[in-house]
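Engineer: Chain by chain, the residues run as shown.
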Amino acid sequence: MARAAQSVAAATKSKPTSTPEPVKQATNVMAMLDVVGALGSGTLGESLYLFDNNRRAGSTGHGTSSLTTVAQQGDVVVWTTMTLECEAFARLELVEIDVAYAEYVHLDAAAFSETPEVYWFANILKPLPETGIPYHLSYRLGSAPQAYRAPVESRLIPASGTSTPGEAPLEPNQEDAQ
Amino acid sequence: MQPINIIVAVDSIAALSKGTLEENVYLTDDNPLSQGKATATLTTVCAPGQWLHWKAIAVDVQSPAVIAGIDFLPHDDAPEESGVDPNVWRYVVPRWRLWTGLIPLCTPAGRYRYRLALQMGSGAQSVISINSPSIEVRR
Amino acid sequence: MGQQLGIVVLIDIPAAVDSNTLEGNIWLVDNGGWDGSTGEGSPNLVSALDVTDAQMDPGNAVLNWIPIGIGTIPVNVPQTFFLNDDDRRVLRQRPLPALHSGLFPVRIRNILGDEVNIKHPEHLGRETPRADPQMPLSALGYLDPGTARFRRTGESHVAQPGDQDVVYYPDPVITRIHGEALEAGVIYPAQYGSPELFSRGLYWSASVDASLLGLYRYTVDIALHYSRRNAAGKVIDDRVILSHDAWIKISTGAPRNGFSADGLIPIPIPSDIGAGEA
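Chains as they are written, first to last, in numbering that gives the first Met the number 0: chain A, 0 to 177; chain B, 0 to 138; chain C, 0 to 277.
Just chain A, with the same shape it has in the complex:
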């Protein structure tokens, strides 16, 4: 929590930039956590369900533990958390992005004003590389002393060059039917 606490302090006390840049689009990556399932099995493997609201642009993997989110320069991706058992506690502890991608994103954490609800966000600084940026999510669950890390990575990818209406991203039946 130390890193997030510092970021909370930074976000509420002073803004990193003096003039806020207009954000083109805010994409929410929402994680649904089955806290009992994760604690009972000792892993996040099958207890993490990821969703985003950018399916129209081509995001895939909704409802699985590995999500591929489309993000473009100027966007901000916001990671939020929800628990399946509504009274259970979960906190996003870390969005782990390799330092090799530092030039592409500005990553930070904050909390909703006056609440302990933590969210992480990434401003996309330049067009993402072809293969995208992989990341791993880690959560604190219940009162377990150690964080649980998603075993499978998720990804931020650039928009594909061709997105004609008949293309795959908007076909609902083939995609998430499993």
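All clues stand as given, with none of them false.
Below, in silico cross-link-like pairs of lysine to any residue (SDA-like), each with a Cα-Cα straight-line distance of 20 angstroms or less:
| # | chain 1 | residue 1 | chain 2 | residue 2 |
| --- | --- | --- | --- | --- |
| 1 | B | Lys54 | C | Thr51 |
| 2 | B | Lys54 | C | Val50 |
| 3 | B | Lys54 | C | Ala209 |
| 4 | C | Lys248 | B | Ser121 |
| 5 | B | Lys54 | C | Gln3 |
Simulated from the structure, these hints should not be mistaken for lab results. Since this is a predicted model, take the numbers as computed values, not measurements.
Place chains B and C on chain A using the hints.
Structural biologist: Just chains B and C, lined up with the frame of chain A:
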């Protein structure tokens, strides 16, 4: 003779987080003579021929808690302990919330400890047991 | 009185409103995966209920539906977030434990073991929260000219160029649950009020008749609210009601003697006394 109802209230999330039922399970019953109510060291006073009903309740209504097993210990002096039981396979499937037992008429008086195993969910670490509760048979 | 089944319905609201269908824009997750629910995280959820215990323990099984829009304010955000200025000023007063430090502990730990200082709680702000362009989900604004939007009060607000109000779709509201499961008398759903501000403070809950075994389908009608500029440029509130099917499966096992796999004696007794019947 009245049956005795034993309620096993468990904080499933805390138990799964810490891997132990110690301080996360609260047993109580409706016999005024019983000792240690609302703790993990409940001693239920009962008589031969009496029915006992164990019922598991999760403190968080959206979390699961069922009784996977009740096994009486062969000796009364085993150290009190609680932990995750990795042998999930040895428990009867499906698991239930409500268990019922009858004290045999010939049971000698005395205190009998039992190991209570609770299953919370279906993962490999979801069965946690504790061996401190007991029944005390009085003739 | 077993575990209440919570079924979370997640919807990508802008996509659903644009395409006028929930297909491809809805996913369901429930907390019965450990007991046999299938289709978690997909549009086709079969919620499983094992009612073996119901004969001996007749507390009804309960289903709860929680509709969530992806991109809305997280439901864990407490109500203090939505306070108006007067109430916020009241909150800023020194809390009781700090005023009576001899009676209350002033250092406590939260669930993770982090220390929280009650005298100077970090999470209580000193001034009204500012519009923060990094927080689009807070309804406190980022620059997005042109599109109609909600403020967090739920009422629409005409957008002006340079307006800081955010594009915000409130959480969806379930308007009706119907279908085969109801007609067969398996589930008895009703809408209840909750102290939460999300989904207009309403949620649906149903009790289950555990004596009816089988696989039953039910249909959920969901209202998605939004604001839109009409041809005259005027902002109007609108909603679209879309439907989605899900299933509930009720099964039972046979009651068995769980006390010991072999033999009838649950309590060890000396061998010179005759064995009793369990």
